[in-house]
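**Student:** Listed below are the residues making up each chain.
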Amino acid sequence: MTTTTDPAAGAADTAAVRRAIAATARPPRPGPLSTALTFGWRGMLKVKHVPEQLLDVTVTPVMFLLMFTYLFGGAIAGSTSAYLDYTLPGLLVMSVLFTTVYSGVSLNTDLTKGVVDRFRSLPIWRPAPLLGSLLGDSVRYVVAGTVIIVVGIALGYRPEGGPLGAVAALALVVVFSFGLSWVFSVLGLLMRSPNAVMNAGFMGIFPLTFLSNVFVDPRTLPGPLEAFVEANPISVLATASRSLMAGQPDGVAILVSLAVAAALAAVFLPVTTRLYRSR
Amino acid sequence: MSTRTALAIEATGLTKSFGETQAVAGVDLVVPAGSIYGVLGPNGAGKTTTIRMLATLIRPDAGSARVLGHDVTTEADAVRGLVSLTGQLASVDEELTGRENLVLIGRLLGHRRAAARARADELLEAFGIAEAATRLVKHYSGGMRRRLDIAASIVVTPQLVFLDEPTTGLDPRSRNQVWEIARALVAEGTTILLCTQYLEEADQLADGIAVIDRGRVIAEGTPGQLKASVGSGRLHVRLLDPGRRAEAAGLFDRAVGAVTPAADPTVLTAACADAGRAAVGLAELARAGIGLADFSLDQPSLDEVFLALTGHLAADEPALQEQPS
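Chains as they are written, first to last, in UniProt numbering: chain A, 1 to 279; chain B, 1 to 325.
Bear in mind the hints are in silico, worked out from the structure with no lab data behind them.
It cannot be assumed that every hint is accurate.
Only pairs whose alpha carbons sit at most 30 Å apart, straight line, appear in this in silico DSS-like list of lysine-lysine [what the hints assert, rightly or not]:
no., chain 1, residue 1, chain 2, residue 2
1, B, Lys227, A, Lys48
2, A, Lys113, A, Lys46
3, A, Lys46, B, Lys138
4, A, Lys113, B, Lys138
5, A, Lys113, A, Lys48
Pulled from the structure, derived: some chain B residues nowhere near chain A, Cβ distances all over 10 Å [as the list claims (entries may be wrong)]:
no., residue
6, Thr15
7, Gly26
8, Asp61
9, Gly63
10, Thr74
11, Thr86
12, Gly87
13, Phe127
14, Arg147
15, Ala152
16, Leu240
17, Val280
18, Ala293
19, Ser296
Here chain B is said to cover these stretches of chain A; the calculated rule only asks that three of the stretch's residues, wherever they fall, bring their Cβ under 8 Å from a Cβ of chain B [claimed, not checked]:
no., segment
20, 110-116
21, 208-214
By construction, the Cβ of each residue, glycine as well, lies at the ideal position given by its N, Cα and C atoms.
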């Protein structure tokens with residue numbers, strides 16, 4: 001197997017090119033769903049070719065998991081295992097939400113390449129590339145979430161709600177991420193470079209995650225900060241995730257989380273498609 | 001059966017501005033079906049913006065265009081079904097393999113999985129990319145990437161292909177291959193709108209050319225007509241003795257045509273309408289005893305056509321006047 005062949009080795013065969021262009025009949029147009037699924041397949045292929053990108057998005061949360069549990073766990077919750085019980089469902093939220101930033105980054109990366117021009121010149125359902133990449137992203141979300149849960153279990157975390165509770169929590173967080181990812185898609189369409197999207201995205205999601213109840217119980221915070229943290233949708237999501245993991249679903253938190261996700265999508269999805277069309 | 005109209009593109013008064021800058025300032029184009037039509041101009045002339053309007057990627061601010069009989073704004077989807085675009089940046093996905101790119105396009109155009117794969121393999125073979133089919137496109141050479149790009153444009157045979165600067169940055173060998181492919185497409189009845197800043201490329205490929213500068217078409221015609229519009233060919237001589245250049249220039253001015261300044265002191269170039277006058281000029285030099293190392297007579301290149309045409313527009317500096325003698 002030679003990997004470094006002469007780059008000019010291949011050459012077009014003009015007769016074959018003529019045969020190739022002469023011979024085709026146009027197939028019937030695919031439906032919107034099938035088109036979106038094809039773009040989803042494209043997203044999977046990218047993960048397949050560069051599996052390291054999954055590491056990128058899970059390394060930070062795993063690092064936080066280890067650091068907070070062993071460094072601060074004892075101080076915050078009295079023992080590392082007690083803290084792990086508290087923080088793991090929150091870290092699940094953090095891990096998956098961080099991954100949503102990459103949806104915007106990869107959209108922006110696409111836009112800097114010529115391939116989007118081709119997609120936009122095809123006779124296909126217009127939002128298909130966006131919805132399709134979301135399907136691909138959802139795989140990343142699930143992987144990011146699963147890694148955290150698995151590492152947590154390895155460290156001794158045992159969800160009261162059992163596997164079902166863990167899966168339910170993961171599903172809720174992934175659904176929430178669908179809504180949130182449109183915010184980063186808008187950023188991805190507005191910013192000039194993938195790096196700018198990354199920076200802006202984390203500048204928003206990082207403080208929002210820390211100013212939530214993911215790491216600490218807000219009752220220990222000064223009044224105004226406590227009010228902010230309680231109102232932070234990420235706190236609500238973390239509470240919902242915690243309740244599912246514990247096998248005692250908090251209906252209000254779950255509903256509010258879903259409502260926030262729906263609201264984010266309702267606002268930012270139309271903006272995204274509009275921006276995408278006019279790029 | 002055929003829905004093909006005699007005109008592939010018919011554009012009038014296309015205009016597009018980005019903020020303060022007017023990228024396209026009223027472009028009219030008439031492109032007959034089944035030909036290669038060249039849009040020639042320097043960087044920033046508005047070529048790409050024009051193509052993007054015709055390929056329905058952006059809407060014109062004013063003016064209208066019909067592509068294969070369909071209006072680009074009101075029937076954009078119908079246009080998309082008949083055309084293919086290879087953009088200035090190669091319009092392929094660098095993070096996928098060559099084969100995956102072609103299967104992806106095939107699937108998006110409605111082929112079933114097996115048909116999309118078969119078509120991808122056929123095209124990879126025809127375009128000489130079969131060996132690199134499973135390599136990521138980001139590791140492709142420029143020429144391979146361009147060939148894949150064009151292959152992606154004909155996964156389903158289009159009636160019109162937009163080629164935006166298809167050979168920019170390619171070595172001569174790869175460039176020739178792209179030219180061969182373009183000729184093959186046209187031989188099978190596809191129309192090509194070719195944007196290029198290379199005069200040689202338009203001369204080699206195009207049946208008709210529109211020269212575009214600062215968002216306007218400043219000249220139109222066949223390569224031959226454009227050359228004729230500049231008027232004359234040129235007689236070049238290389239003198240044995242540069243010291244006699246001024247004398248020779250005087251003879252040429254009278255016997256042949258206006259002498260143009262040249263950087264090389266041994267070279268003398270004069271406008272020359274016909275070969276007979278060139279013979280007279282050379283005879284005059286011989287009679288005066290001015291020895292020649294070399295002489296040639298050529299048609300104006302498209303380069304000169306372009307300079308002559310845009311030179312008029314950009315003529316804010318006076319022509320060189322410090323001629324010796």
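**Student:** Could you work out which earlier hints the structure fails to respect and list their numbers in ascending sequence?
**Tutor:** 1, 11, 12, 13, 14, 15 and 21
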